[in-house]
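2 protein chains.
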Amino acid sequence: MSKLVKSIREAVILSGLKDGMTVSFHHHLRNGDFVLNMVMAEIAELGIKDLTVNASSLFDIHAPLLNHIENKVVTGLSADYISAGLGRAISQGIMDKPVQFRTHGGRPKDIATGKTPIDVAFIAAPASDAMGNCSGKYGPSACGSLGYAYADAMYAKKVVVITDNLVSYPLQDWSISESYVDYVVTVDAIGDPKGIVSGTTRITRDPVGLIMASHAAKVIETSGLLKDGFSFQTGAGGASLAAAKFLKEIMLQKGIQGSFGLGGITGYMVDMLQAGCFRNLLDVQCFDLTAVESLRNDPRHQEISAMHYAAPGSRSAVVDSLDVVILGATEIDTGFNVNVHTDSNGVIMGGSGGHSDTAAGAKLSMIIAPMFRARMPIVTDRVTCISTPGKDIDVLVTQGGIAVNPARVELRESLVAAGLPIVDIHELKEKTERITGKPKRIPHGDKVVAEVIGREGNLQDQIFSIL
Amino acid sequence: MSKLVKSIREAVILSGLKDGMTVSFHHHLRNGDFVLNMVMAEIAELGIKDLTVNASSLFDIHAPLLNHIENKVVTGLSADYISAGLGRAISQGIMDKPVQFRTHGGRPKDIATGKTPIDVAFIAAPASDAMGNCSGKYGPSACGSLGYAYADAMYAKKVVVITDNLVSYPLQDWSISESYVDYVVTVDAIGDPKGIVSGTTRITRDPVGLIMASHAAKVIETSGLLKDGFSFQTGAGGASLAAAKFLKEIMLQKGIQGSFGLGGITGYMVDMLQAGCFRNLLDVQCFDLTAVESLRNDPRHQEISAMHYAAPGSRSAVVDSLDVVILGATEIDTGFNVNVHTDSNGVIMGGSGGHSDTAAGAKLSMIIAPMFRARMPIVTDRVTCISTPGKDIDVLVTQGGIAVNPARVELRESLVAAGLPIVDIHELKEKTERITGKPKRIPHGDKVVAEVIGREGNLQDQIFSIL
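Top to bottom, those sequences are chains C and D. Numbers in the working numbering are just positions in the first sequence, counted from 1, shifted up by 711. Numbers in the working numbering are just positions in the second sequence, counted from 1, shifted up by 711.
Derived by calculation from the structure, the hints in this document are not laboratory data. Bear in mind that the values here come from a model prediction, so they are computed numbers and not experimental data. Among the hints, erroneous ones may be present.
No distinction is drawn between identical chains; accordingly, a pair holds when it is met within one copy or between any pair of copies.
[Unchecked claim] Calculated lysine-lysine pairs in the DSS-like style (CA-CA distance at most 27 Å, straight line):
#	residue 1	residue 2
1	1142	783
2	717	1074
3	959	1074
4	938	1102
5	868	826
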């Protein structure tokens, strides 16, 4: 018995893929991923049409998808994040059916419950044996965690593993087991290592970023959550990393040992692990080589599935035990609703990813954002798109002051008592507009190009075409 | 949010357990398990009746179950193995409904497909955090692998983790994730370490056992399978371990590096790993302390779920890649059907466990058994119970000669050419009966006390009451 097939084409044929079905992909190879394009090219050549692509995220490298959309090979799209290159085309109305945006926790939930069934899942695997035991930790295209691919593997009707690193059976330290895998295909390269992970993560040197980071760390220190057992997630943006740096200094100075760092993991979180700030890292995705190496070698650094990370449908997820998350925003409105799907002009250039999941789970969810970008204010009356509802956002940190969700009365009092520059979010908006001027709201088209599905499955917002 | 509840009683109440439902247990704590008895005592006190107990295996320590059966608290029983103490009572007809015997691979398959749904699974966990991330590797009651409990956790409607070792969140190196766990209960002790694992596994010194072991090793050497990449499973019996010892010597002498050792793992398999005979051990259950320590500390030694180990319903299982398995028998008939469920008098004292699964999967499945035990011949015209069908058994090794399944013509020729003492199984039967006399078949009662369900789901045999 062998699951090895000669080519992606053969695997597609054997999988029984037909018009109208759904194929899925994960995004751990990020902007270095070759697999989605290779698979979709074969599917297109085979003349299969009207497919839905369910990808955990899509990057600019996936631009060939636009041709497949134009040619009606792909007529449905579901993703948790879509980068600007593809996003602009979608905002221009390239698709007939609206894209479905989910969260990193909502996606595996809907796959597991059968709401979004997958016919054929394609798993890009940096290492696999011939029976499909596979891992992201080893090989020339190592990406670290395969967290987002678990649900695809567990619930798809057919599962194809595509690898450029076939190892002897059994692969030691597999992430996804052969129990779920139908076919294994070897290719020359599943990705470009330069696009898969960045070499280093960089902390901001921008003075505005540093001010925000310093405020963010002080908010956390004052919140009462920064004590032994503290848990933390932050993004890979410059200001977020700088906040982590300040936090690390406070933790080391006060001798605080946290429990876990969570999320997409950067080398900076690895530094904090190694410095003793956390006992463990729980990793759904590696952002850089340091994280990949740490996941491979340090038993304190563990891979988690997207379900374990963030799914609202399971009995619990790690986000439910999270103390503090630092998140970004392209817009936030006076009701604390946050937009990370579009820019201020309504053009798709992102998505929730784990934003809504961590915001809902964390005891303190904090947005760090500058008051304005390219003269567009961050704070608006109503965000262009509600990515994360205001009820789940506690604090907004800007260089012009810190706004606290009015529902968090005690937190606000603590921060005021600590001498932090607290402002009402309406004041912050006015203060910003005194600098930038009141922005003109750009009118949008009539076509719904995307639906934003909240993590609990509700239709949270719609994104309209641009004119 | 916390999943911690005060007592097993509270967990049972919260789980919504009602008359007629199914509860499940795993058997990694073996004859040291306190959990099944503690849970069933609470259930009985709560007045819940007519339950089915689905346990991966039952041992003599579970004797209190007999009272629950008499009191109609338990009216259905499903297990892969039932030891002699309980088995005798079942053979005497204590239950109205027949016991359902499955294999270690068939059980998770039927749980996963919903054929045997579980309402409440109780997971005995040597280590757990308050959210239910749990492991068998750590703590005073460490048992190593939790392989048989995965399906219960993944598919039961409610899951209760019971631990005597509550650790800070998150437990590092969990086996079963919080995604599946509803409640966590702490108790003083989940088991008696002395009954959970044996201190050491002992190789036979009995001359008959050593002759059989030596023959077994030579059969493997001659089979053509003993080369680099070789994979192997053996039981914990004295002759099987002695065969492994001889095999190890041959492998070291010839410089053969196998791929993996599989199964319930003993210290002897750990020795073979450490000596370089295998690259990996895949472990569904630890039999002794050496195995527990190795699983905890050696990354080459990995835990697998029962599904990954042996389930016929998944895309593949490790048994499908297995070269050689050495198995036991209480009886084998001239059609090579094997009985491991009852003794020669038809009294239940075992079960298939992984017997049928590995026999079906392995390229060479070998039975080691003495020609007779207590003057009862091993070879019969028809086994009392077909545990593993003859089509899956290749060779029978006894001290009086080696019988080869007539379907394995080439194997027989190779063994003859190698000078091994090959006998026809009918001759072996007659030879044995010349020593023991022809045994009288003991008549059985009319009541079906157990159904043996083959790994593919077929009703393979029935076990009748004893008179």
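Hints and how they fare:
Proximity of residue 1142 and residue 783 under a CA criterion of 27 Å is satisfied in neither setting, with 48 Å inside one chain copy and 75 Å between copies. Taking the closest pair of Cα atoms, residue 717 and residue 1074 come within 27 Å of each other only across two copies (25 Å); inside a single copy the shortest separation is 50 Å, beyond that limit. In this assembly of identical chains, the alpha carbons of residue 959 and residue 1074 lie at most 27 Å apart only when taken from the same copy (19 Å versus 56 Å across copies). When the C-alpha separation of residue 938 and residue 1102 is checked against a cutoff of 27 Å, the pair qualifies only within one copy, where the shortest distance is 25 Å, while the shortest distance between copies is 63 Å.
When the C-alpha separation of residue 868 and residue 826 is checked against a cutoff of 27 Å, the pair qualifies both within a copy, at 14 Å, and between copies, at 19 Å.
In this structure, only the earlier hint numbered 1 is contradicted, and the remaining ones agree with it.
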